[in-house]
Amino acid sequence: MVNILIVGSQGDYGLVGLAQRVGDAVVHYLVVGGDATGLERYGVSKAFIVQGVVDEQSLANAVLELARANNYALIISPINKFYRTAMPMVAQSLGAPLIMDVTDLKPSGDTFEVSFNGIGSRAQVTAGVKQPAILMAPPARFKPTEKPTSMSKETLQVKSVGQVKVVSTEEKARGGVRIEDAELIVSVGRGFKKKEDLQLAFDLAKVLGAEIGCSRPIAADLKWLSEDHWVGLSGHKVRPKLYMAIGISGQPQHLAGMMESRVVVVINNDPNAPFFKNCDYGVVEDLYKFVPALTNKLRELLKK
Amino acid sequence: MELIALVKLALDTGQLRVSGDKLDIENTPLKISDIDRNAVEAAVQIKEKVGGRVRAISVLKYGPVQKRVQEAEGLIREVLAMGADEAFLVADNALVNTDQLVTAKVIAAVIRKLGNFDLILAGEASIDGYTGQVGPRVAAELGIPVVTYARELRVDGNKLTIKRDLEEAVQTVEVTTPALVTVTREINVPRIPPLLQIRMAMKKPINKLSLADLGISLGSPMEVKGVSLVQVRRKGVIIKEGSVDDKVNKLIEALIQEGIITRG
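As given, the protein sequences belong to chains D and B, one line each in that order. So in my numbering, spot 13 of the first sequence is number 13, and the numbers just go up one at a time. So in my numbering, spot 39 of the second sequence is number 39, and the numbers just go up one at a time.
Each hint should be verified, as a subset may be incorrect.
[Unchecked claim] In silico DSS-like cross-links for lysine-lysine, where the CA-CA straight-line distance does not exceed 30 Å: (1) D/Lys195 <-> D/Lys172; (2) B/Lys105 <-> D/Lys303; (3) D/Lys277 <-> B/Lys235; (4) B/Lys250 <-> D/Lys193; (5) D/Lys81 <-> D/Lys143; (6) D/Lys237 <-> B/Lys250; (7) B/Lys105 <-> D/Lys130.
Derived from the structure by calculation, the hints contain no laboratory data.
Using the sequences provided together with the hints, build the complete structure.
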């Protein structure tokens, strides 16, 4: 029987579902944010509860200490920038592999067979990994089965390393969009010359009942839209029925975020835009002429 | 300031080669991982401001090594033309198919061999693996602090002030050197070197190292068994003939055929 540690907030308990694929395992949970209530339902036998705010380095040290005491075969965490920073430090100190974006896991003798999305989400990779190993995955991908157990709780005081001093934190603006769940997406890129021109896409999206997506420069660089609109490898992954990309060239990092779309429409005046090689319907036309004409025609047709 | 830039020679994910449903890694061209160009640019800008030198380190991860070394040197020349002073390329058959644990150990070994350093810069992630783990791993290996996702970086003596781009917030932090910082694409616009710089870069040294030169031998805790490409078949219907209205009509017809919209 192996020991497994989940590191994450209480809401990341979906990851217990990944741990359960090992079969017979003792599951511990390091709760960063939350009080562990309800975790016993999924067979977590021990919860360590972190008090207060911790930085990545301090958390990494705490995980390392637990790993050395409990000899975990696997340590599992969600994927976000906090854990993307903390967990590699844990992995390096343990001499362990770290596999990102895990889709499946099965034990195979004293090693594990792990499947994951690799090469910028362009490939499904399978690898044999030795213990201990660090796995990272989106918690919502897995559904833990209920197997109630008695769980002990322990409060963990994380020692602050304090090498990196936080001076200030400024919340980002949010548009209140959940682009991941959108059925229809009209997505905008650098083909729009100024922020006001995005109105053309907003009008089209309104007629279609679509959400607005965008490429990296629009959100991260120009900040014309908040980052919850950003589609791509480091933005959001989407899988709508229709993905209409307007004025987006189609860099691999953007494509990786919308590959699972059912129908892809690309509108661009540059016939050599790489996106045309990855679309169902590609319109070679100036977006400033095409988009208003499309909106008008759709408005007539859909009687809106 | 002694600056080090970590430069990945990544698979060009825009030009992946396929054989059957398998990714043909050996025949896929390499390119400098885009975000590492930002790391080099950041390093060169600091050098231009406060003096010092920039040394670039690359670890060749894709075979066949014999064939790739020349390709790798060509790419590293671009980094030298951008303003790096010297480059170190670790190429060894034993590195092909190894994981990031090994990459970080190799990079740390090169850095120890170089001696003094103040600041190590790297991209937030490579464009091929995109796991972003090598930066923090190298920091852990060297026992120095790491600051990830820097979109602004100010150097003031041995103090660094950094704006970190997190999911929900921008965090401003301070750290003293030696440190490792990973940068995002937004930190700068990497320069495109003029011809003169490219010619001059031909004279700058690229030091080739093997694992034996570094005095290390390594085993990877991970063995890749299969890589199959996620292939999405798209129809690829290009609408380019006719007037704007013709094109609108053709697209709408297609969207109706696909069941995306229905006539009201």
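Status of each hint after checking the structure:
1. D/Lys195 <-> D/Lys172: Distance ~19 Å between lysine 195 of chain D and lysine 172 of chain D Cα, so the pair holds.
2. B/Lys105 <-> D/Lys303: violated, 63 Å
3. D/Lys277 <-> B/Lys235: holds, 9 Å
4. B/Lys250 <-> D/Lys193: holds, 26 Å
5. D/Lys81 <-> D/Lys143: Holds - the C-alpha atoms of lysine 143 of chain D and lysine 81 of chain D are around 23 Å apart, at most 30 Å.
6. D/Lys237 <-> B/Lys250: holds, 29 Å
7. B/Lys105 <-> D/Lys130: holds, 18 Å
In summary, the structure is inconsistent with hint 2 from the numbered list given earlier, while agreeing with all the others.
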